[in-house]
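Chains as they are written, first to last, in the numbering used here: chain V, 12 to 148; chain W, 12 to 148; chain C, 12 to 148; chain U, 12 to 148.
Treat the hints loosely; a few may be bogus.
Stated by the list, open to error - Cross-link-like lysine to aspartate or glutamate pairs, in silico, DMTMM-like; alpha carbons within 20 Å at most:
1) K132/C - E116/U
2) K148/W - D66/W
3) K129/U - E116/U
4) K81/U - D15/U
5) K129/V - E116/V
6) K129/U - E34/C
7) K132/V - E34/W
8) K62/W - D79/C
9) K81/W - E141/V
10) K62/W - D130/W
11) K129/V - D66/V
12) K142/V - D55/V
13) K62/W - D55/C
14) K144/W - E97/W
15) K142/V - D66/V
16) K81/V - D130/W
17) K81/V - E34/V
18) K81/V - E77/W
19) K62/C - E34/W
20) K132/V - E97/W
21) K142/W - D88/W
22) K62/C - E97/W
23) K99/V - D79/W
24) K99/U - D79/C
25) K132/U - E34/C
26) K132/C - E34/U
27) K81/U - D55/U
28) K144/C - D25/C
29) K81/W - E116/W
Said to hold, decoys possible - Here chain U is said to cover these stretches of chain V; the calculated rule only asks that three of the stretch's residues, wherever they fall, bring their Cβ under 8 Å from a Cβ of chain U:
30) 26-36
31) 104-115
32) 126-135
Hints listed in this document are in silico derivations from the structure and should not be mistaken for laboratory results. Think of the CB as a built atom: it goes at the ideal place given N, C-alpha and C, for glycine as much as any other residue.
There are 4 protein chains.
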Amino acid sequence: MELDNKYCYSIELDVRDYEIDSEGIVNNANYLHYLEHARHRFCDHAGFSFKAMQDAGLIPVLNRVEVDYKTPLRSGDRMVIAIWVEMKGVRFVFHQDIFNAATGEMVISAVVSCVCLKDGKLSRGELLAEKFKPYLK
Amino acid sequence: MELDNKYCYSIELDVRDYEIDSEGIVNNANYLHYLEHARHRFCDHAGFSFKAMQDAGLIPVLNRVEVDYKTPLRSGDRMVIAIWVEMKGVRFVFHQDIFNAATGEMVISAVVSCVCLKDGKLSRGELLAEKFKPYLK
Amino acid sequence: MELDNKYCYSIELDVRDYEIDSEGIVNNANYLHYLEHARHRFCDHAGFSFKAMQDAGLIPVLNRVEVDYKTPLRSGDRMVIAIWVEMKGVRFVFHQDIFNAATGEMVISAVVSCVCLKDGKLSRGELLAEKFKPYLK
Amino acid sequence: MELDNKYCYSIELDVRDYEIDSEGIVNNANYLHYLEHARHRFCDHAGFSFKAMQDAGLIPVLNRVEVDYKTPLRSGDRMVIAIWVEMKGVRFVFHQDIFNAATGEMVISAVVSCVCLKDGKLSRGELLAEKFKPYLK
C-alpha cells in the first residue's frame, strides 16, 4: 500500500496468533507493543538505538498515549505501522497509524507522547532532537 | 489506602516480574492488561461476566483509550485499580485510575471508551446498561 | 483444595482474560509466566526477593523447563501453583504443579531447572541454598 | 547462517524490546511464543493454516514442551527458528531450535509435542499428517 507522505518512517509486521484473544482479534494491549517496537526501529533507523540511548544515560519515558481503535487485526493479517514525529516543548510526539497491509484500512490511530530523562532528570532531549531533526515536522 | 468515593469499584493486584521491562519498570502496554482485567472483574461484580456477555452474543469493543503515565510501578509493588463509569450515548466510558497501594501515588490515569456489539452490529447496550445501572454516574 | 505435603509453598492466582487465546484456553506460554511469578513469590517468602538477589549480584538463570499440559485453564478459572524444590549439584530444581482451584484437577506439571550466576559467572549458589535450606528436599 | 539439512523449515524474527525483562535478556516465556509462531508459519507453509484447521474443527493441542536454554537473546538480536517434525503414534513432535542469526550460536533447543483434537476428541490426525507428509522424518 502507498502511504501518505506526511509519514517519515514505516515498518511491516505480521500478526502472531498468540496476540489474538478469545474474541478472535488482536488484544487491545498488543497494539501498544507494536507501536513501541515501531518507535524503537525508527530510533535505530535515525542512528540512535534504544540500547545506545540507555548506554548514554538517556531514558525515553512515555507520558501519554491515545489510541483510537478503528478495525481489528485478525489471524493471518499483516500490518503497516507508519510514523510522523513532532516536538512540543520538551515532548516528542509520535503520531503512529496502523493499517491493514492487504486492504489499506486504518486499524488504529495513535498519539504517543514521550519525554527524555537524562540520569533520572527531565532533560530537554537535545541529543535526541538532533538525531530526529531530519524527520521532525 | 482510602479511595475517593467517586469510584464504584476497585481491585488490588501485584506486579509480576515478567511485566517489568529492561528499564526496570512495568512496560507501558501491561497497564492496558491491568485495566482490562479490572473491567472484566467489575463486570463479574455487576453480575454480568465477560463470558456471559459472549454467550449472550454481546461483544464489548474498545473504541478509544487515553492513558496518562504518572509514576511507574516496579518489582514488588502492589497496585489498586479504581473505576467509575458513565454512559455517553451508546458508549460506556470507564474512568480507571491506578495507584501504588503502598504510597497512594497515582500511577496512571486512564479513560477507556467501549461500545457494545450485538451479533456483530453496534447496539445501544441496553442489557449492559441495565446491569451497570447501580454503578453509573 | 488440600495439597500433598510434598509441596513446600503455594500461591493462588486468577486467570486473566487477556491470557486466553483464540482457542478459548490459556495460551501455553502464559503458564511459564505463572510459574515464574510463583517462584519469585517463593523467593520473597524464603526471605530473599528476586530484587535482593539482583542487588547482591546474583542472577538465577533458567537452564531447562519441562511442562506436561494436562487440562487447560479457561476464563474465570482460579489456579493453585504448588512448589517443591531440590538441589542437584549446582542446579536448583523447582517442581511446580498447577491445579484448578475449583476442581482440584491437575492443569500442568512442570520441572524448572535453574543455576545461579554471581557477577556473570556460574556460582555454586551457596547463598541461595542457605535461604532455601528449610524448604529443600 | 547455514542450517543443518535435518531441518525442513525455518523463519527469522527480530527480538522486540518489550520481550526483554529486567535482566536485560528475552524473558523465558517469550521463547514459547516464538516457537508457536514458527509452528503456525510452518503450517501455513505446508498449506494448512491454523485458521483453516480451526475452521475444519481440528484443534492442535500441546501436550508436552521441553526447552533447554543455552545462550540468551538480547535487544537488537535477530533469530533463526528451525524446525523438523516427526510423528510418534498420534503425536506430532516438533523439534525446534533457535539460533542467534548473527553468531550462529544456539539460543534454545526445544521439543514440542502436540496431539490433534477433532470436534473435541483425540484424533489420529490423518488430515494433518497428510499435509505434513512431505516434511515428516
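Okay, the hints, checked on the actual structure:
For the given pair, K132/C sits about 19 Å from E116/U by alpha-carbon distance, which is consistent with the 20 Å threshold. Our distance criterion of 20 Å between C-alpha atoms is broken by K148/W and D66/W, whose separation comes to about 27 Å. For the given pair, K129/U sits about 39 Å from E116/U by alpha-carbon distance, which is inconsistent with the 20 Å threshold. In summary, the hint linking K81/U to D15/U is supported, as the alpha carbons are separated by about 18 Å, within the 20 Å threshold.
Among the hinted pairs, K129/V with E116/V is inconsistent with the structure: their alpha-carbon atoms are about 39 Å apart, more than 20 Å. Straight-line distance between C-alpha atoms of K129/U and E34/C comes to about 13 Å, which keeps the hinted pair within the 20 Å bound. A hinted pair counts as satisfied when its Cα atoms are at most 20 Å apart, and K132/V with E34/W qualifies at roughly 15 Å. Under the criterion of a C-alpha separation no larger than 20 Å, the hint pairing K62/W with D79/C is inconsistent with the structure, at around 27 Å.
At roughly 27 Å between alpha-carbon atoms, K81/W and E141/V are farther apart than 20 Å, so this suggested pair is violated. For the hint linking K62/W to D130/W, the alpha-carbon distance of about 15 Å falls within 20 Å, and the restraint holds. Between the alpha carbons of K129/V and D66/V the distance comes to roughly 11 Å, so the proposed pair stays at or under 20 Å and holds. Between the alpha carbons of K142/V and D55/V the distance comes to roughly 10 Å, so the proposed pair stays at or under 20 Å and holds.
At most 20 Å may separate the alpha-carbon atoms for a hinted pair to count; K62/W and D55/C exceed this at roughly 34 Å. Restraint check: the Cα-Cα separation between K144/W and E97/W comes to about 10 Å, which is no more than 20 Å; the hinted pair holds. A hinted pair counts as satisfied when its Cα atoms are at most 20 Å apart, and K142/V with D66/V qualifies at roughly 16 Å. For the proposed pair K81/V and D130/W, the alpha carbon gap of about 18 Å is at most 20 Å, so the pair holds.
For the hint pairing K81/V with E34/V, the CA-to-CA distance comes to about 16 Å; that is within 20 Å, so the pair holds. A distance of roughly 15 Å separates the Cα atoms of K81/V and E77/W; the hinted pair therefore holds under the 20 Å criterion. A threshold of 20 Å between alpha carbons decides the hint, and for K62/C with E34/W the separation of about 14 Å falls inside it, so the pair holds. Pair hint K132/V plus E97/W does not hold up; C-alpha atoms about 37 Å apart against a cutoff of 20 Å.
Between K142/W and D88/W the alpha-carbon distance is near 33 Å, which puts this suggested pair outside the 20 Å criterion. Restraint check: the Cα-Cα separation between K62/C and E97/W comes to about 40 Å, which exceeds 20 Å; the hinted pair is violated. Distance check on the hinted pair: K99/V and D79/W sit about 16 Å apart at the alpha-carbon level, within 20 Å; holds. The suggested pairing of K99/U with D79/C holds, with an alpha-carbon distance near 16 Å, which does not exceed 20 Å.
A threshold of 20 Å between alpha carbons decides the hint, and for K132/U with E34/C the separation of about 15 Å falls inside it, so the pair holds. A distance of roughly 15 Å separates the Cα atoms of K132/C and E34/U; the hinted pair therefore holds under the 20 Å criterion. Proposed proximity of K81/U and D55/U is contradicted: the alpha carbons are some 29 Å apart, above 20 Å. For the given pair, K144/C sits about 30 Å from D25/C by alpha-carbon distance, which is inconsistent with the 20 Å threshold.
Simply put, K81/W and E116/W have alpha-carbon atoms about 9 Å apart, close enough for the 20 Å limit, and the pair holds. For the segment 26-36 of chain V, the stated coverage by chain U holds: 3 residues have a C-beta nearer than 8 Å to a C-beta of that chain, and at least 3 were required. Interface restraint, the segment 104-115 of chain V with chain U: violated (0 residues with C-beta to C-beta distance below 8 Å; minimum three). Counting residues of the segment 126-135 of chain V whose C-beta sits closer than 8 Å to any C-beta of chain U gives 0, which falls short of three, so the coverage hint is violated.
Against the hints set out earlier in the document, violations occur for numbers 2, 3, 5, 8, 9, 13, 20, 21, 22, 27, 28, 31, 32.
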